[in-house]
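Here the protein sequences come in this chain order: Y and X. With the numbering used here applied, the first sequence covers 1 to 249. With the numbering used here applied, the second sequence covers 1 to 331.
Any given hint might turn out to be false.
As the list claims (entries may be wrong) - Derived DSSO-like pairs: lysine-lysine, alpha-carbon spacing no greater than 27 Å straight-line: (1) X/K98 <-> X/K138; (2) X/K318 <-> X/K273; (3) Y/K164 <-> X/K222; (4) X/K99 <-> X/K318; (5) X/K318 <-> X/K98; (6) X/K279 <-> Y/K214.
Hints listed in this document are in silico derivations from the structure and should not be mistaken for laboratory results. As the structure is a prediction and not an experimental result, all values here were calculated from the model.
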Amino acid sequence: MLGARLGAEEASHSATLFGAAGVELITGSIDEVLARNVPAVLTTEVSTDACLRLADAVGKSGAVFMNATCADDTLRGDNCRASTFHVAPSRRMLADALDEARRNGRMSLPADASASAWDASLERFGADTLNNRFRARFNKPMTADAWCAWFTVKLLGEASLRAKSVDARAIGTYLRRASAQFDGHKGRPLSFRAWDNQLRQPVYVVAPSVGAPKVVFESPGSTTPSASSREVLDKIGSTAASTTCRFAP
Amino acid sequence: MSIRAVSLLASCALLAAPAHQPTSSSGRLVFVSNEASHDVSVIDAATNAVVARIPVGGRARGIHVSPDGSRVYVATSDDKPQTESSVDGIAILDVASKKVVARYRVGSDPEQFAVVPDGSRLYASNEDGGTATAIDLKTGKHVATLVVGIEPEGVAASPDGRWVYVTSETSNSVSLIDARTNTVVGNLLVDLRPRAVAFSPDGTRAFVTAEVGGTLTVVDTKTRDIVSTVPIEGGEGKPVGVVVSPDGRRVYVASGRTGTLSVIDAATLEVIKTVAVGKRPWGVTISRDGRYVYTANGLSNDVSVVDATTNRVVGTIKVGQRPWGVAVAGR
Numbered sequence: 001m002l003g004a005r006l007g008a009e010e011a012s013h014s015a016t017l018f019g020a021a022g023v024e025l026i027t028g029s030i031d032e033v034l035a036r037n038v039p040a041v042l043t044t045e046v047s048t049d050a051c052l053r054l055a056d057a058v059g060k061s062g063a064v065f066m067n068a069t070c071a072d073d074t075l076r077g078d079n080c081r082a083s084t085f086h087v088a089p090s091r092r093m094l095a096d097a098l099d100e101a102r103r104n105g106r107m108s109l110p111a112d113a114s115a116s117a118w119d120a121s122l123e124r125f126g127a128d129t130l131n132n133r134f135r136a137r138f139n140k141p142m143t144a145d146a147w148c149a150w151f152t153v154k155l156l157g158e159a160s161l162r163a164k165s166v167d168a169r170a171i172g173t174y175l176r177r178a179s180a181q182f183d184g185h186k187g188r189p190l191s192f193r194a195w196d197n198q199l200r201q202p203v204y205v206v207a208p209s210v211g212a213p214k215v216v217f218e219s220p221g222s223t224t225p226s227a228s229s230r231e232v233l234d235k236i237g238s239t240a241a242s243t244t245c246r247f248a249p
Numbered sequence: 001m002s003i004r005a006v007s008l009l010a011s012c013a014l015l016a017a018p019a020h021q022p023t024s025s026s027g028r029l030v031f032v033s034n035e036a037s038h039d040v041s042v043i044d045a046a047t048n049a050v051v052a053r054i055p056v057g058g059r060a061r062g063i064h065v066s067p068d069g070s071r072v073y074v075a076t077s078d079d080k081p082q083t084e085s086s087v088d089g090i091a092i093l094d095v096a097s098k099k100v101v102a103r104y105r106v107g108s109d110p111e112q113f114a115v116v117p118d119g120s121r122l123y124a125s126n127e128d129g130g131t132a133t134a135i136d137l138k139t140g141k142h143v144a145t146l147v148v149g150i151e152p153e154g155v156a157a158s159p160d161g162r163w164v165y166v167t168s169e170t171s172n173s174v175s176l177i178d179a180r181t182n183t184v185v186g187n188l189l190v191d192l193r194p195r196a197v198a199f200s201p202d203g204t205r206a207f208v209t210a211e212v213g214g215t216l217t218v219v220d221t222k223t224r225d226i227v228s229t230v231p232i233e234g235g236e237g238k239p240v241g242v243v244v245s246p247d248g249r250r251v252y253v254a255s256g257r258t259g260t261l262s263v264i265d266a267a268t269l270e271v272i273k274t275v276a277v278g279k280r281p282w283g284v285t286i287s288r289d290g291r292y293v294y295t296a297n298g299l300s301n302d303v304s305v306v307d308a309t310t311n312r313v314v315g316t317i318k319v320g321q322r323p324w325g326v327a328v329a330g331r
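Isolated chain Y (complex conformation):
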C-alpha cells in the first residue's frame, strides 16, 4: 500500500491548495471501512473472487470500487459492475501488449518477458520524477502495483477537486464523463472506457537483462500520427464491439 500512501500524501498536498480537506486512507475489514461512509475503496487483494466480492459489497453501499490489483478479464466482462473502475490493466491488455511487442520486435522477445502497468526504470513524460519521489519516500523502486495504487488515489483526489464533491456518486459520475482524463506520468491522457470502466493506458513490456530488467517496448506503439490518444490506447484490451460487459441499468 506504499503507492496509496504516496498518492494520499500528494493528493492531500494538492487539496490544501484549494482549501479542501486532505485525502485520508482508512484501513480495515470491508465492513469496518464501509461503516465509515467512504466514497471509494481499493484493496491489496489480487484474487478474482476477492475482487468480485468487494466490487459487489462496495457497489451495494453506494461507494465506488477502484480495482488497482485484479487483472482478470471477467471482472471487466460478464461480471462487470457500473460502480467498479479498473486502474489495473486487464489480462487481455497485457497479452495484447506482449503480442504487439513480438510482432514489432526487431530482436526476438525472450520467453520470460512480461507486460506491466509500470516500471521503476521509466524516465519519459515525468516518469523519472515520480520514480524518484517514490524511491526517496520509501527507499524502494515503484512497482506496477504501487503505480496502480498511487494513480488510483491521485485520480480520486483530482476527480473530487474537479467535481467539487467528496460524494461517491459525484465522483463516479465525474469518472464516467467523456471529457474526464488524468495524467499518470505516461505521456498520454488516461481515461476510462465507457463500455467496461477500464482505464486506457500504455503498458510496458519488460525483459530480463544483465543487471536489472529493461523496458523493451511501450504498447500500444506509435501508429498513424493523426490518431487521437484514445484511438491509440484502445488498440489493446477489449473494444466496444468485443466487450461482453453489460452494465445493469
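Got chain Y; can you put chain X on it based on the hints?
Just chain X now, kept in the frame of chain Y:
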C-alpha cells in the same frame, strides 16, 4: 608575398575585434542551456554562429537574461534529485566576459524560474520539493519559500512585477503568488501536466501549456478565471514552452513530441500556423523586436530560428547536448 601580408592583417583585426566589441554587430546574442553537456551555447544572432560555450557545472535547464541585459541566469542541478548539492542553484553568467561569476542557492533541484521586471528578485520552482523559492538578486539571499503544488515547473512574473505564477505538473495547478507579500493568494486547476506559463505584455492574460492535456489554458489575471482552453494540434500536441510576442498579438507554443511551433492569434485564440522545427522543442523565446522566435530542440541538439513575419524556419544552429531553454540578450 603581398597576399600573405593582407591575410595576416585581416586575422589580426579579427582577433582584436572582440576585445573592443563584446556584443555582436546586431547587438543580439542568443543563450541556450544544454542539459546534457552542462553548458550554455552563445549564438551571435547576426550570423547565427555559435561564438562561445560556457561550462556551468551541472544540468542546465531554465535560462533568462537580466532586464538590463548584462547577466544571464541559468538554473543548474545535479543528476540526483531529492538532495540539494553545491551544483543545485542559479549560475550567473556575465554577458561581457561570458563567464560564470556567481552561483546562488535557490533550494533543491531548480528547474524553471522568473526574474521580476525590475531585476531585484528571482523566483524558482523546486521540482522535487513542492515549493518555489524567492531570492534577492543583489545579495543572493533567500527571501521566501512558498508551498505550491506537487512537481512545480513553470514560473512567470507579471509585467508589473506584482504577480508570480507557478505551474505544478502532478497537481495540475497554477499557484498565484503576490510578489509584494510573498504569499500564495490562490490556486487554479488547469489541464493535465502544466509545463510553462507566460503573461501577455499588458498583464491581463496568462497562458499555460498543458503537455499531456495537449492544450493552452488562457487565464484572465484579474478575475482569475479560465477564459479558454485552446487545443494544440487538435489536442494531440505536447505543448511545453510558451512565449508572447512583445506587441501582444501572438502566442508561440513549442510542442515537444510533435516537433512543432504553434503560432496563435492572441485576440481570437485561433492557431494560425503550425511550424515544423527541430526534434523535441521545449524552450522558446522571442527577440525584443518581435522579429525572430527561437526554439531549443532537445533531441536534434539544435536551435530553430523562425521568422515571425513569415512563420518560416530561417535558420538551424547546432548547439550542445540536449538543449533545454533559450534566452535572448539585446534587441
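Violations among the numbered hints:
Those not satisfied: there are none.
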